[in-house]
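There are 2 protein chains.
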Amino acid sequence: MAKSSEESDSIMEENSDWSADDAASSSGLTVASLATGLCYDIRMRYHCEVRPTADVHPEDPRRIYYIYKEICRAGLVEDPEIAASSKPLAPHPLQRIDVRDATEEEVQLVHTDEHFKFVESTRNLPDETLILLEESRDSIYFNRLTFASALLSAGGAIETCLAVATRKVKNAIAVIRPPGHHAEHDKTMGFCLFNNVSIAAKVCQRQLGEMCRKIMIIDWDVHHGNGIQKAFYDDPNVLYISIHVYADGKFYPGGKEGNWDYVGEGAGIGKNLNIPWPSQGMGDGDYMFAFQQLIMPIATEFDPDLVIVASGFDAAAGDELGGCFVTPACYAHMTHMLMTLANGKVAVCLEGGYNFRSISKSALAVTKTLMGEPPARLTATTASNPAVQIVRRVMAAQSKYWRCMYPKAPAQEGLFTDRFHDVIRQYQAKQLYDSYKLTSLWIYRATISKSFENQVLASPNYDKAVPLIVIFHDPPEMMGIHHPITNKLEPHNCWMADVVKEYIGWAIQNNYAIVDVNIPKHLTVDTGIGRYEEEDGDRPTQTEELAGYLWDNYLEPNEATHIFFIGIGDAFYGVANLLINRDSIYQRINSVISFVAENPVRAVASPTQTWLSRWYKDNSLVFVSHVHGLWHNTENRRKPSKRYGRLLQSPKTGLNEMLMHHKTEVCGWIETRVNTRGSSEEGDEDAVEAESKEAV
Amino acid sequence: MAKSSEESDSIMEENSDWSADDAASSSGLTVASLATGLCYDIRMRYHCEVRPTADVHPEDPRRIYYIYKEICRAGLVEDPEIAASSKPLAPHPLQRIDVRDATEEEVQLVHTDEHFKFVESTRNLPDETLILLEESRDSIYFNRLTFASALLSAGGAIETCLAVATRKVKNAIAVIRPPGHHAEHDKTMGFCLFNNVSIAAKVCQRQLGEMCRKIMIIDWDVHHGNGIQKAFYDDPNVLYISIHVYADGKFYPGGKEGNWDYVGEGAGIGKNLNIPWPSQGMGDGDYMFAFQQLIMPIATEFDPDLVIVASGFDAAAGDELGGCFVTPACYAHMTHMLMTLANGKVAVCLEGGYNFRSISKSALAVTKTLMGEPPARLTATTASNPAVQIVRRVMAAQSKYWRCMYPKAPAQEGLFTDRFHDVIRQYQAKQLYDSYKLTSLWIYRATISKSFENQVLASPNYDKAVPLIVIFHDPPEMMGIHHPITNKLEPHNCWMADVVKEYIGWAIQNNYAIVDVNIPKHLTVDTGIGRYEEEDGDRPTQTEELAGYLWDNYLEPNEATHIFFIGIGDAFYGVANLLINRDSIYQRINSVISFVAENPVRAVASPTQTWLSRWYKDNSLVFVSHVHGLWHNTENRRKPSKRYGRLLQSPKTGLNEMLMHHKTEVCGWIETRVNTRGSSEEGDEDAVEAESKEAV
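Residue numbers (our numbering), protein chains in the order written: chain A, 1 to 696; chain B, 1 to 696.
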């Protein structure tokens, strides 16, 4: 660093003020010197099925015992009966937090009086009644000690959170059951009676006031914590984050409440955050992606006074109900990240998790992390595409409420009225008219989607006795660079790629006729602005209908000497189906050229036209991107069926790149065929095979 | 969770296999039981200026002493001479790591033989020669103990990294000097002689082999670590991440090497990551944003065997050279995040930092975090816009190399040839012709940018004796939803908002004439695809030229009964300058309506046309978005000057929203003026003032 005397002067001045005497105001490690807390009590095992069968209930009383035992055997706690050695192996063992009964008043911070009374009533009911109750309610069982266990579980959560919030311990884990996160204000649900975590959060808020005003509850149980969400849905001081399997509302507890668009309401809007996995099977990479990109930035911005983890371990690898693959190392990483918040005040409370080994290993990893052990390394951290997609969708939705979230979702939706496929097509029409005098063919719209208006352009000689090239293509590719902050697109930062016009130019130059058909990816006008739309499911049928209509009205009746079909992308579907479903059309067609990047390679074959697939194999060029699954599927190692045509591996990836790369090849093939007498002979194919690698 | 007997069976089966006996294989806290290491030696203070002046050099020998003293006084180390009490306050005090001389062979892992020999030679030079050397080199001083100190500093870094990598300590901090990260293979630079961190990394790789193959070096010194970047630029096993002030290459060490597009080369491509702050003044929110969104995801994916921090504390609040505002709490957070990596193997080595208080407090916070103390809470975590912009730019650049980075930058650049402002304008021209018979006015292009082709459209009666409305507007707004994974834009997911056409429709219906002028934001064709482009700087001049051209050729000579100018967005600039620079034009104009969302409100006044601003105040409507700075600037509390026209606060934010909202108002105002005899009277303004709030 170049030193200027002015800079140095001010540094010296600044530094001359400094004396080590005013340093070191806070000495020692005030928090790290405290122990991690552990809450466990054998009496929470008393809640169990009155009449156990071979069909053991997954919410098995032994769950908490095995976790506790695992922690003892790792030498983290002093319990001579279980610990491997009577002396713990950790220099600073876990500190016991005693459970107690939650009071009626505490439970009623979340639950109705009726609900409390109902659970209380079960302690005096005969076995038969208890079994009947089990059948009339959603996923719960009772015995006469259920009430007692539920009170202890809630009380354990309360004491654990209070001990952490008041810094009696550094942080803590509560190995408690029955779980709580599904229990709603007025009902038991999903193995849950009282909502332990919600009750504990409300007690901390009430009892500690400003010192514990903002609470973040992070729920990584594989199921959505509907009860917690409901308890704080309009509370601006409780940020509830749940990461769970949603599966379109079909995964327990079901319904739409677990979806990403449930963001809180009233004063609590933006303080509810669901990350709804589209399916089971999620793993470390997915959870890490969600934590790093979404959960931690928002949590840091929220800046809670206390973090409570509703810690189900049923997303753990090995849990069959959850069907996910989160490793103990990943639980450790998530815990470690949370420990940056609230000056380390993290209280972990057990919720679900049904595989003894998985929950024990996971809980041990979490406990060690709380005690200061660094997380083990993760072997795989790649997020899957479905996970990235949903996390980024949640980010966009939450960007409205959190300054740290980008990109900001676009606003002013009502103003955006013109879809770009129309804008582009009009531009193309004008360009193609100006350059080549292509004009629109009239489409009778009653039978064909009106989205095809303007989509079929033809050169003036389309019905003359010249070679005719019919191109079915997907819309041009767009590229747009969003403003990095506002996320706006601006016309001068957006671009279009449209290589088809190069082909049209070549054809016109050769005096061939052209029919250019653009197949929009959405065929009907709708108003779903603001979310990414998938392709229209109805497109193939509509495309086929259009192809048939064109054939009947404009192609079949004309005098073309040769007809070539070029199908680009998924728009080829229409061509393929025309060949398959219209008898003998193929005899009128010279050949078919098709480009396939991502979509499936279409078979052209028909039970009623036995020669079709042979004809197709002999009279087609099918360029398939080298990254296409076709080339990597071991089942295709054998020579592919002739129904797929003459398959050629393209060294390029995208449709436009492929079109550009193979233009000379395609044009040469067409010119050779035009110049060869007859159309069904194999002609001169050497030119083609020299350049592209044919599948064998 | 609804229990099906099938599920329960498999759980039972799974769980019956489980016995606690095979659990707890790894007992105790193997890493957390180790101490944090501290490397410090008083002999590194011997390197100092031979002839100190009042002008003290910022790289002051006392730097390391004050840091060490601060750590002692916090009770974290046993040193009876300095520690507050003879017994450390931490239950597990810091463990000493002894420095040693780096060997010649070790230094030469990074530096040339000549370079080593040169530094060695300084130990025998007379004072005068040493001072001369100082003047001939970039920011460095020498004395006869410089070489000894530099060897100890490099040796300290080596021993510290080895101790961490071989798990002799949990993690460590090395309080060493002279610093190293600017030193290149063949030169001293920026207070640095030997590149301590680079040497240590190479020694670890060589000495520990596979156990320490992948090393991440994170450099949060406020200056770019050019020496480290160079040492590993083609090394795939060393990920170098530097977060520093860049200021367009004007901040030390200067040049382009610190920019985001230096991503490594050869096998090391993608393993160099620069986060170049555009200016000083960055703070906690900016650093947290970079860490959370960019650094930690990539670091996690890299999965290093060892993390070395090139830890300058000159981005700390209080450091005048750095000019940034990072707090000790933020350094603690960054350290805590890094501790998730490499199973906690983090070695922090001091680089720059020149304010004694700032570096001591920062180093103490880092040390406490390494020892297990949770980071203090951050009061502010909002990233500034410039920071977000650069971080997101780096993310896009790095998305090519890291699976975890989204959005992926668009590929296939060469194919994207058509800019959308052309596509859109052609569409608009077609629409406006079809609906209202607007056609293009011929623009003589030699004097005016050819980007204005097609941008001026007029109704057939533009030269007739009717009221004429001339609209200058920015291009329509676009909205596009990227595919969440591929980041592609597709035409059916992109939309356009264009409210101007509503105004044109109204005018045509009233039989008024219309001239519609679209001002593209880029006036010349260029090929800067792939990065977000700012508006063209030349635009105002070109717009003014166009406005003058239109006035001379199409507006002034015609017979319009009334001329109204509407200026929308920044396109209004052309109108304002026309009024200012052309004498007496304003007398021909009935009035001006302007809409301002983000850009400055333009003054219309001229020293040569004294009545202009009065006229403007009386004959204008200037709608300014309610979020515009104008309304929030205290200097504007007093009545704004009449040169800004009649200012009206709009309740809307964006231009299109404002246009929509005030349409009735604007149309009413124009109609009233058309129906009132004479154009300079104030007319009936009540209708306007009833709806919008005029500035007072």
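Derived from the structure by calculation, the hints contain no laboratory data.
Even glycine gets a Cβ: it sits at the ideal position worked out from N, Cα and C.
Accuracy of the hints is not assured; some may be wrong.
Unchecked claim - Here are the simulated distance ranges between beta carbons:
#	chain 1	residue 1	chain 2	residue 2	range
1	A	380	B	210	13 to 21 Å
2	A	166	B	144	54 to 62 Å
3	B	663	A	401	27 to 35 Å
field: List of violated hint numbers, smallest to largest
entry: none
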